[in-house]
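Asks: Sequence:
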Amino acid sequence: MSGFIEFYFDFSSNYSYIVHKDIVALADKHGLTVQWKPIALGAIFKNLGHPMPEAGSAKQKYIWHDTMRSAALAGLPYRWPDPFPVNSIPAARGAYWILDTAPEKITDYAATVFTTIFSTSQDISQPDTLRKIVDGLHLDSDAFLTAVQDETYKARLKQGTAAAQDKGVFGGPIFFYGNEMFWGADRLAALDAHIAAHKN
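If you're matching positions, the sequence shown starts at 163 in the working numbering and goes up one per residue.
Just so you know, the hints here were simulated from the structure itself, not pulled from any lab data.
Every value quoted in this text rests on a predicted model; they were computed, and no experiment measured them.
There may be inaccurate statements among the hints.
[Stated by the list, open to error] Here are the computed lysine-lysine pairs in the BS3-like style, where the Cα-Cα straight-line distance is at most 25 Å:
hint: 1; residue 1: Lys361; residue 2: Lys191
hint: 2; residue 1: Lys223; residue 2: Lys208
hint: 3; residue 1: Lys320; residue 2: Lys267
[Stated by the list, open to error] Here are the computed distance ranges between Cβ atoms for each label pair:
hint: 4; residue 1: Thr263; residue 2: His212; range: 31 to 37 Å
hint: 5; residue 1: Lys320; residue 2: Gly211; range: 16 to 22 Å
hint: 6; residue 1: His360; residue 2: Asp285; range: 40 to 46 Å
hint: 7; residue 1: Trp242; residue 2: Arg349; range: 21 to 27 Å
hint: 8; residue 1: Gly193; residue 2: Trp242; range: 32 to 38 Å
hint: 9; residue 1: Ala236; residue 2: Thr314; range: 33 to 39 Å
hint: 10; residue 1: Ser164; residue 2: Gln222; range: 31 to 37 Å
hint: 11; residue 1: Ala236; residue 2: His192; range: 18 to 24 Å
Built from N, CA and C at the ideal position, the CB exists for glycine as well.
Generate the whole structure from the sequences, applying the supplied hints.
Replies: This is the structure:
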């Protein structure tokens, strides 16, 4: 079977934040790697005709409550992002630049972006915020900030999102091991069992 787990995520996804450490730990447990697959969920939702829950709706209230509960269970700090919804597009384009230029840094980059959004509630769309993250990884933040505005990386995110939708991705987080898909931060136990049964 595959030597990796594919992790489809949007940096604005609260449940992707909640699971981002656990999926790495699960991969390590099985001697696998994580393939980080940044996508733009808003584009997928638009293509599929899936509107966001209305402000103040019962569904939104539940999601907010469940997010706080799930973060606490995962031992993660959580603050609702401000502004909300989060503009994660620059950070997602930047993830492709990281994957191209310093792939060994992608796990640390993703973790820092998630923490910046959901733990410290900083605006990840601002260049200064992204610069601090990239500087902290000892990478060229000027090149990074140029890349996130470059047509090449705009296209990479669009292509990655389209490929994800073609594969059946409709939300986040979504994981693939081989051809088997698992949706949601609460599906890691099922993913764990599936890997154990099929990795050899």
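Asks: Which earlier hints turn out false for this structure, listed by number in ascending order?
Replies: Hints that this structure does not satisfy do not exist here, as all of them hold.
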